[in-house]
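Given these sequences and hints, build the entire structure.
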Amino acid sequence: MNIICVYSVDTYTTAPWTMSNDPTVEKPLFSPTEIPFGLSAISSVLNAEGHDVQLVVVNPSTPLEELFRDQIEKHKPGLVALTAVSSQFPKIKEVTDVVKGIDPELFVFLGGSHATLAPDDAIAHETVDAICIGEGDHAVLEVARQLGDQGWVSGVPNVWVKHPKALESRTTGARQATEVTAISDLPHPDCQTGTTVEDKGAFELERNPNGPFIEDLDSLPHVDREMWEPWIANPNEEVSIIVGRGCPFKCTYCANHALAKISDGTFVRFRSPEDIISEIDSVSCQYPEVDRMYLEVETMGADITLAHDLFAKLAIYNTSRENPLRYWMNLAVHSSFMKNEEKVRAFFTACAKANVSSLNIGLESGSERVRKEILRRPRYSNKEIIEFSRIAREHGVGITLYVLMGLPGETHADYKDTVRVAREMKPDNVFLSIFAPYPGTDLYETSVEMGLIPDDGPDVISERFKATLDLPGFSRRRVRFENVLFWFKVFRGNWSFPRIVAHTVKAFIRPYRPIWAFYTYLSRTSAFVGRLKRWYRVKVAGISPSYVEPTKVNQI
0 MNIICVYSVD TYTTAPWTMS NDPTVEKPLF SPTEIPFGLS AISSVLNAEG
50 HDVQLVVVNP STPLEELFRD QIEKHKPGLV ALTAVSSQFP KIKEVTDVVK
100 GIDPELFVFL GGSHATLAPD DAIAHETVDA ICIGEGDHAV LEVARQLGDQ
150 GWVSGVPNVW VKHPKALESR TTGARQATEV TAISDLPHPD CQTGTTVEDK
200 GAFELERNPN GPFIEDLDSL PHVDREMWEP WIANPNEEVS IIVGRGCPFK
250 CTYCANHALA KISDGTFVRF RSPEDIISEI DSVSCQYPEV DRMYLEVETM
300 GADITLAHDL FAKLAIYNTS RENPLRYWMN LAVHSSFMKN EEKVRAFFTA
350 CAKANVSSLN IGLESGSERV RKEILRRPRY SNKEIIEFSR IAREHGVGIT
400 LYVLMGLPGE THADYKDTVR VAREMKPDNV FLSIFAPYPG TDLYETSVEM
450 GLIPDDGPDV ISERFKATLD LPGFSRRRVR FENVLFWFKV FRGNWSFPRI
500 VAHTVKAFIR PYRPIWAFYT YLSRTSAFVG RLKRWYRVKV AGISPSYVEP
550 TKVNQI
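First residue of the sequence shown: 0, per numbering that gives the first Met the number 0; consecutive thereafter.
Treat the hints with caution; some may be incorrect.
[What the hints assert, rightly or not] Derived CB-CB ranges, DEER-like:
no.: 1; residue 1: A351; residue 2: G450; range: 46 to 52 Å
no.: 2; residue 1: R206; residue 2: E93; range: 22 to 28 Å
no.: 3; residue 1: T195; residue 2: R144; range: 19 to 25 Å
For the record, the hints were derived by calculation from the structure and aren't laboratory data.
For each residue, glycine too, the CB sits at the ideal point set by N, CA and C.
Below you can see the structure in the form of structure tokens.
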């Protein structure tokens, strides 16, 4: 079967002033770290089963009608598979409307975090035929098989599907009416005893229960990277390698605590070191200029024994290379780890041997009250996380912090604690985000209960860069003000003044999409601007030429 996969980004890659009539779709992804593993995994399993998968990446300037008419005429797909987090869903709805307008018989299948965490909202959109709840590696194969064999879908674990009252099959060629006139006539596998059916008027909605989590991640094919190459501006930049799935913690602002509940089985899973290194070697051969890889997992600390095993084997692998690779990853700090300094130092020694050059760690808030009562973060004191950062510097391992602000229940005094702790940690950089309430998470529900969500819903378009909640102790205007000044307050005396100014200016313009679009366009397309930035970083801001700015990667 011919299948089109669709992904959306919120950056403008064509010139912003031509976005209404520019027919070209350029390279919207800056580097391979922006490849979403969910859609890539779906493509990989489909390709392994002999399906022909084409990728389309859309952005705010994409001429959807023209693009999809051309793609549908050229590839004649039987299935269009899309993914979306909540902030991407408005654009993805536009895509499904266009696709159905071109060919009403195309089967539109939506997965991703929004479909999983807000399934009723996702399936309610008229031009979505089915949604996937949770992992879709197996579900998409069965959906494609049934569409190819019989023209309709039923009884697939993890899938909600609409059935028109007068059901027709979508077989190749002319449509053929079937004798099925109601969902009760559809066959359901024995394992689907939990399937429910609801009459929605124009259609009947079949909800199938979820299958267990896929525990043997080594059994899955390595992610499809080739299909992303036409959409990446810098394919030889750093690359991401998936290490595992799931997170052991239950932070209220994150989707993981909700995702852990949707299926039975083990939620936190890792690939074997051998399988990880096999993919690293394959990717290195495919992109020989890449010298830095992001080992993507929610926290490497979820299995310290496996982490040490992986580091030891990465060190051995690097000895076989003429140019050793550098690695970076996420790590959640917690008190049970920090209480044994010898264990902490052994971890960093292993990092150094494996050439792990940087760790991303979540401070989120410098207020211990906020971390405990609002965020439900793993337990750690400010003293412990500051000490962790100090030991990391001793071992030559860089630290990048995740920091959140504008949280429900947070006060300006709490935020001052965040600035103080971040400053004492002396990180190499910070991923600073304004809290965005994601439907399906506990902190979204808290925001609703506190009456903090605007009547027209949260602003998902400018998520993480624009204050959404107007808090009694930390107003929206104050959050915006502090978001811009964060870089000066945290890094004065540690960074050069020009470098602080550059980050401050970017923080100021980031919520203004046309201005940010113009900046992004010039940064990615102008050789002169690229040379100017490199000169500024080295000569003015005083940044080492070997320093690599951390990239915030996609995890959907």
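Here's how the hints hold up against the structure:
1. A351 with G450: 46 to 52 Å: Cβ of A351 to Cβ of G450: about 50 Å, so the range 46 to 52 Å holds.
2. R206 with E93: 22 to 28 Å: Roughly 26 Å apart at Cβ, these two residues keep to the hinted range, so it holds.
3. T195 with R144: 19 to 25 Å: For R144 against T195, whose Cβ atoms are near 23 Å apart, the range 19 to 25 Å holds.
In terms of the numbered hints stated before, the structure departs from none.
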